[in-house]
Amino acid sequence: MKTKEELEQSVVMLEEALQSGLTQSKVAQADLTIAKQQLADINKPELTGSQLDDIQEAIEKAVDTFDFDDTDNYDKEFELDYDGRVQLAHFDFTNTQDLVEMIVEKVHKLFVEVEEDDNSQLNTQTVAEKII
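Numbering (this note's numbering), first residue to last: 522 to 653.
The set of hints was computed from the structure by calculation and includes no laboratory data.
The beta-carbon is built from N, C-alpha and C at its ideal position, and this holds for glycine as well.
Accuracy of the hints is not assured; some may be wrong.
[Stated by the list, open to error] Distance condition first, Cα-Cα at most 20 Å in a straight line; then the derived SDA-like pairs of lysine to any residue:
no., residue 1, residue 2
1, Lys582, Ser571
2, Lys597, Val607
3, Lys547, Leu535
[What the hints assert, rightly or not] Computed spacing ranges between beta-carbons, pair by pair:
no., residue 1, residue 2, range
4, Glu536, Val625, 53 to 61 Å
5, Glu637, Asp602, 54 to 62 Å
6, Glu578, Asp613, 27 to 35 Å
7, Ile580, Met534, 57 to 65 Å
8, Lys557, Lys525, 43 to 51 Å
All chains should be modelled from the sequences, with the hints used to inform the complete structure.
Below you can see the structure in the form of structure tokens.
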């Protein structure tokens, strides 16, 4: 049978081992999160800060030029309240597609569209093989 001191020392060692394992688990979890984000970002095009600013400015211009005061952009329902006053019961912005199209148009003007070629790697390889 173990003595009290041996059991206390065993408890301390087990607590330290558990704390060490928790620390390693947290580090592994953080590394996993970073790896997942890098995997998600791998095929995203890279943009400079200036390009991101241009995109934000294009969106702001599109939203600023949209006519939010045009009542045809909204569905409205009116009702009479208990005092006999007319009140707005329902108000819904329905013209979101026009706003989206304006934003997309402004952002598209910032870029030149190129045709995607699924065989681009194959073509490059073929050219390289011919040179060799």
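Against the structure, the hints come out as follows:
no. : hint                        : verdict
1   : Lys582 / Ser571             : holds (16 Å)
2   : Lys597 / Val607             : holds (12 Å)
3   : Lys547 / Leu535             : holds (18 Å)
4   : Glu536 / Val625: 53 to 61 Å : holds (58 Å)
5   : Glu637 / Asp602: 54 to 62 Å : holds (58 Å)
6   : Glu578 / Asp613: 27 to 35 Å : holds (29 Å)
7   : Ile580 / Met534: 57 to 65 Å : holds (59 Å)
8   : Lys557 / Lys525: 43 to 51 Å : holds (48 Å)
Consistency with the previously given hints is maintained throughout, with no hint failing.
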